[in-house]
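Residue numbers (the UniProt record's numbering), protein chains in the order written: chain A, 1 to 362; chain B, 1 to 362.
Keep in mind that the hints were calculated from the coordinates and are not lab data. Every residue gets a Cβ at the ideal spot worked out from N, C-alpha and C, and that includes glycine. Careful, some of the hints might be misleading.
Quick list of simulated restraints, FRET-style, between CB atoms [claimed, not checked]:
| hint | chain 1 | residue 1 | chain 2 | residue 2 | range |
| --- | --- | --- | --- | --- | --- |
| 1 | A | A296 | B | P23 | 44 to 52 Å |
| 2 | B | A240 | A | D286 | 58 to 66 Å |
| 3 | A | P161 | B | E327 | 52 to 60 Å |
| 4 | A | D3 | B | G328 | 43 to 51 Å |
| 5 | B | E327 | A | S13 | 33 to 41 Å |
| 6 | A | G272 | B | P8 | 29 to 37 Å |
| 7 | A | A124 | B | P350 | 46 to 54 Å |
Not the full set, but computed from the structure, chain A residues with beta-carbon under 7 Å of chain B [unchecked claim]:
| hint | residue |
| --- | --- |
| 8 | V41 |
| 9 | D131 |
| 10 | T143 |
Now the stretches of chain A that chain B is said to cover, found in silico as 3 or more residues with beta-carbon under 8 Å [what the hints assert, rightly or not]:
| hint | stretch |
| --- | --- |
| 11 | 46-52 |
| 12 | 97-107 |
| 13 | 134-141 |
| 14 | 153-161 |
2 protein chains.
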Amino acid sequence: MTDTSALPVSALSEGELLARFTPLLPRGRATLVPTGDDAAVVAAPDGRFVVSTDVLVEDHHFRRGWGTARDVGARAAAQNLADIAAMGAVPTSTVVGLVLPPATPVGWVEDLARGLADVCGPLAVGVDGGDLSAGERLVVAVTVHGDLEGRDPVLRSGARPGDVLAHAGTIGRAAAGLAVLATGTEDDDGAAAAGSGPLATGTEDADGAAGSGTLLAGIADADDDAAAVVAFLRPVPPYAAGPAAADAGASAMMDVSDGLLRDAGRLARASGVEIVLDPLADSLADDLAALAPLAARLGTAPEAWLLTGGEDHGLLATFPAGAPLPEGFRRLGTVRAGGPGVVTAPQDAPHAAAVGWDHFRR
Amino acid sequence: MTDTSALPVSALSEGELLARFTPLLPRGRATLVPTGDDAAVVAAPDGRFVVSTDVLVEDHHFRRGWGTARDVGARAAAQNLADIAAMGAVPTSTVVGLVLPPATPVGWVEDLARGLADVCGPLAVGVDGGDLSAGERLVVAVTVHGDLEGRDPVLRSGARPGDVLAHAGTIGRAAAGLAVLATGTEDDDGAAAAGSGPLATGTEDADGAAGSGTLLAGIADADDDAAAVVAFLRPVPPYAAGPAAADAGASAMMDVSDGLLRDAGRLARASGVEIVLDPLADSLADDLAALAPLAARLGTAPEAWLLTGGEDHGLLATFPAGAPLPEGFRRLGTVRAGGPGVVTAPQDAPHAAAVGWDHFRR
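Make a model of the complete structure from these sequences and hints.
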């Protein structure tokens with residue numbers, strides 16, 4: 001095959017582009033009929049499947065200038081698979097729809113497929129369908145599926161007074177990374193950032209997970225900047241913690257996509273309870289300490305990242321009081337009877353605004 | 001609830017918009033946990049599920065000026081559910097991702113949900129998940145699921161020499177409708193058509209399936225124009241014919257989305273066979289006669305609509321010779337050994353170009 005990665009997608013037919021894209025996608029352990037026919041066939045041994053869908057829009061959910069296509073693909077997969085884990089299920093299969101501006105380099109699309117594979121492959125999750133369309137703006141639409149393996153699904157609505165609130169995964173790290181990226185690109189205009197050369201076709205490192213190297217070399221001047229940016233570009237949700245929480249008797253669970261305060265409020269509202277967060281000095285002292293130098297350098301408070309930063313896609317769950325928390329979970333607070341949906345901020349961060357991300361109104 | 005249908009979506013939070021959208025979506029017979037949590041849970045009694053995804057982009061796949069939001073929703077559902085039928089499965093569940101420009105009226109989004117419900121509701125198919133995002137251009141991303149009920153999936157690759165090629169559903173009608181719409185709007189510029197008042201919020205007719213009335217009154221001057229436009233805006237794939245074909249021993253099947261010649265070519269290529277189409281005067285005489293007056297008025301040939309017109313989403317299948325065709329299927333040709341992927345055009349339309357729709361290169 002000649003190297004046509006730098007060609008725009010408009011130089012290829014849809015069939016030719018699919019022929020470049022599809023072989024890069026992993027087949028999963030549940031894949032029975034892979035992508036390529038009218039539809040795929042996927043095993044659902046439990047007799048049920050879990051399904052969730054998400055749409056990522058360029059310049060709303062990601063910027064091409066902030067990372068590689070491989071990062072975009074990896075993040076799209078990870079944030080969706082977290083929704084499967086949040087039900088207590090194991091992910092089995094994804095399908096992906098792409099809207100591509102005609103000038104998008106073919107190599108960018110291939111790198112996006114590699115990013116999907118970076119996340120799905122090790123989990124034995126198949127990318128079992130894809131649709132490619134032309135459009136004015138890049139859109140990545142991902143639908144994910146999982147298997148409950150006989151478990152009851154864990155809903156947001158099951159928290160009861162007396163339960164303990166706990167969390168697995170990172171918290172505040174993606175928000176810190178976003179803050180670093182926003183600082184690094186604030187003099188660029190968006191168009192220039194989006195069209196920059198080496199990023200447009202990505203970087204194929206020997207280490208598949210480190211596609212952001214080129215970018216970081218340009219804007220980061222400290223290890224914690226780099227780690228934060230990677231946390232934003234390549235979140236690693238604690239997938240196994242979801243089924244583990246279900247097995248441990250979690251009464252409610254959700255993934256944290258819009259920030260701890262806001263998502264805890266959703267869980268509290270769905271369950272008809274109030275949540276009281278522990279002092280951060282008790283629950284998240286290590287995170288506060290780890291984020292403090294970077295926050296100080298950027299002139300912000302690490303408490304804000306911990307309480308309102310989204311996109312780490314950790315798992316927030318409630319457990320009956322006294323039950324041992326499963327591995328990976330740490331206590332963040334308690335559930336009590338009270339105004340449904342109320343979240344009482346930590347005593348040591350009393351003025352934290354309960355604000356998350358809203359796609360339409362901000 | 002106050003009437004806020006005319007407000008732009010940017011006036012509502014994502015949660016408020018979801019609260020308007022979600023109650024309009026049907027719950028399906030397979031829906032176990034409906035939309036509203038991190039993910040939905042859907043029954044898969046067969047132990048497998050069939051899945052397909054599709055992305056529709058404004059001004060590429062639909063124009064707001066050509067029909068109502070309800071039409072867009074109905075068409076998005078129908079064309080995807082046809083992919084499930086084409087595997088020999090019955091549809092069970094869909095999820096939908098929407099990208100909405102901030103100025104989109106709330107009522108437009110509600111009407112789109114009603115259009116999804118128009119198609120999914122009567123089939124007891126749930127709309128079990130939705131994601132709403134802001135963006136510059138309207139995008140509708142639909143993922144559909146089905147249950148094989150114990151059948152083997154019918155792939156594109158199973159056609160064998162000696163098989164009969166047959167088709168269920170309409171053919172050429174959507175292409176005729178698109179031709180009418182293109183004639184009716186060719187003096188408009190796209191932006192004006194897309195923003196036109198009454199269409200922007202749709203028409204809530206007592207008859208749920210007739211959302212296109214306002215439009216047709218403006219541009220159509222004959223019953224066959226109107227019927228053709230409805231065939232394009234509201235295709236009705238023969239959903240039940242898919243499982244029926246599988247039960248009748250279909251060796252290969254696919255839905256016709258890009259035109260008979262092109263899709264027959266795909267089936268022939270996947271199966272490693274050649275397809276010879278019967279003379280249209282034998283196979284599609286009624287369709288030729290029905291489309292002839294409209295084609296004459298628009299200065300085109302009905303043969304082109306029959307052979308290259310897509311988007312009716314009928315089902316193309318092959319059956320062993322001598323097997324009785326299931327109800328709804330009519331013979332279109334035969335399968336023979338030969339250059340894989342070759343489709344021999346009908347003797348009475350020898351110069352028909354084997355051209356379909358390509359999203360990237362035309």
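*Check, residue by residue, whether the stretch 134-141 of chain A contains three or more positions whose beta-carbon lies closer than 8 Å to a beta-carbon of chain B, and give the verdict.*
Satisfied; 6 residues make the cut.
*With 7 Å as the cut and Cβ atoms as the points, is V41/A at the interface with chain B?*
At about 5 Å, which falls below the 7 Å cut-off, the nearest Cβ of chain B leaves the hint on V41/A intact, so it holds.
*asked:* Is the listed coverage of the stretch 46-52 of chain A by chain B valid when you require three or more residues with a beta carbon under 8 Å from a beta carbon of that chain?
replied: The restraint on the stretch 46-52 of chain A holds, since 7 of its residues have a Cβ under 8 Å from chain B and three suffice.
*Once the shortest beta carbon distance from T143/A to chain B is found, is it less than 7 Å?*
The hint holds - T143/A has a Cβ within 7 Å of chain B, the shortest such distance being about 4 Å.
*With 7 Å as the cut and Cβ atoms as the points, is D131/A at the interface with chain B?*
holds (5 Å)
_The hint says 43 to 51 Å between D3/A and G328/B; measuring C-beta to C-beta, is that right?_
For G328/B against D3/A, whose Cβ atoms are near 48 Å apart, the range 43 to 51 Å holds.
*Are 3 or more residues of the stretch 97-107 of chain A near chain B, judged by a Cβ distance of less than 8 Å?*
holds (count 5)
*Starting from the range 58 to 66 Å, see whether the pair A240/B and D286/A falls in it by beta-carbon distance.*
About 59 Å separates the Cβ atoms of A240/B and D286/A, which means 58 to 66 Å holds.
_Consistency of beta-carbon spacing, P23/B to A296/A, with hint 44 to 52 Å_ = holds (47 Å)
_Hint check for P350/B and A124/A - Cβ pair distance inside 46 to 54 Å_ = Hint holds: Cβ distance 51 Å, inside 46 to 54 Å.
_Coverage of the stretch 153-161 of chain A by chain B, judged on three or more residues with CB within 8 Å_ = Contact hint for the stretch 153-161 of chain A vs chain B: holds, 4 residues under 8 Å.
*Is it true that E327/B and S13/A lie within 33 to 41 Å of each other by Cβ?*
The hint (33 to 41 Å, Cβ to Cβ) holds, given that E327/B and S13/A are roughly 36 Å apart.
When held up to the earlier numbered hints, the structure conflicts with none and fits them all.
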